[in-house]
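J.: Sequence:
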Amino acid sequence: MASHSRRPSRATVATLATLRLPLLVILQLALGPVASSCPKKDALRPCSCFSFQNYVRVECKDVDRRALKNALTTLRGAFVFEFELSKYNLKDVPSDVFSGVRVTELYTYMADFTNVCNSSNLFDGFDDNLTMIEIRRAKGLEHLHWSALGRLKNLQRLFVFSSDFPRLHKSFSLMPKSLTHVMVQGGSLEHVDEGAFAGLEIRDLEISFTRLDKITRNVFPTPATSLSVLSLRTKLSRTARVWRQQLIGGTRDPVVRLRSHSRKVLSAGNKALRPVRVRGTRQSRGTRDSLRVASSQSRWWWSSRAALTQTPSSLRKHQHFMH
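Residues -36 to -1, 1 to 287 (mature numbering (1 follows the signal peptide of the UniProt record, and there is no 0)) make up the sequence shown, in order.
Watch out, some of these pointers could steer you wrong.
No more than 30 Å apart at the CA atoms, straight line, and that leaves these computed lysine-lysine pairs for DSS-like [claimed, not checked]:
| hint | residue 1 | residue 2 |
| --- | --- | --- |
| 1 | Lys4 | Lys33 |
| 2 | Lys103 | Lys51 |
| 3 | Lys55 | Lys4 |
| 4 | Lys117 | Lys141 |
No lab work stands behind these hints: they were computed from the structure. These numbers were taken from a predicted model, which means no experiment stands behind them.
Construct the entire structure; sequences and hints are all you get.
T.: As structure tokens, then:
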């Protein structure tokens, strides 16, 4: 029997992704000289600044266009690790306002994207340095043409929390190729367009507690060899992890369809998945490459490799698993 190379666990992958410090930050701290301290409060007002050693965080909350420009002019040449922009209409952001300010992580809270559309000026000036964007409780995010962020060539992580946009548009595929981690949590997302992740090398994708009830194979590139973690959770706290070989294949059928309180056989292309009950913390066979559906009452592993290659009729002899 052919030996299989040892794969890192999902916990290891997640830990490495979390602990990974962007190389850009290390270089900036090492090469200096870089302005890494807060300017005088009066010069930055109404924005505020917090610093600790080489860590600088700037927050601009509920400011107008003029105040934002004046504050960021003060930060020209500075290295800001975290920048937060809250309660701001992004159509009012001056095109050159971030020029010369080196920001690694950008946080927006209750920002208005309504009239941004495909603005090429969005976050202009962050092209070379920005590695992470967090969007929380955004308004009008469905109007954003994601190609507006395509020039952020070092962007690695995108987190969207509690934002109401019912559809993830196929223009998401025009995001920078450097993007590897995407999380959408909460909000009204119901549909992901075909090809939304095509052309990207997403490694870790989580869509949780939205209104999404299915995701199709053709959302992803073919083959989707970069994707190592796919986590889907409904508002009923069910989780799905997709058997990885399904993403390497080319079927157009649903990879996952989330159903509440269902023990029926689900289909992935023309291959059947059968549920196996797991009690306590003991893991059933096929847990390395499986589709998991979990709830607070019970856990179901949709496994194993053998079951995935069987037809629904050949599963009749396994009906005792389904009752």
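J.: Are the hints correct? Go through all of them and say.
T.: Okay, the hints, checked on the actual structure:
no. : hint            : verdict
1   : Lys4 - Lys33    : holds (16 Å)
2   : Lys103 - Lys51  : holds (10 Å)
3   : Lys55 - Lys4    : holds (28 Å)
4   : Lys117 - Lys141 : holds (7 Å)
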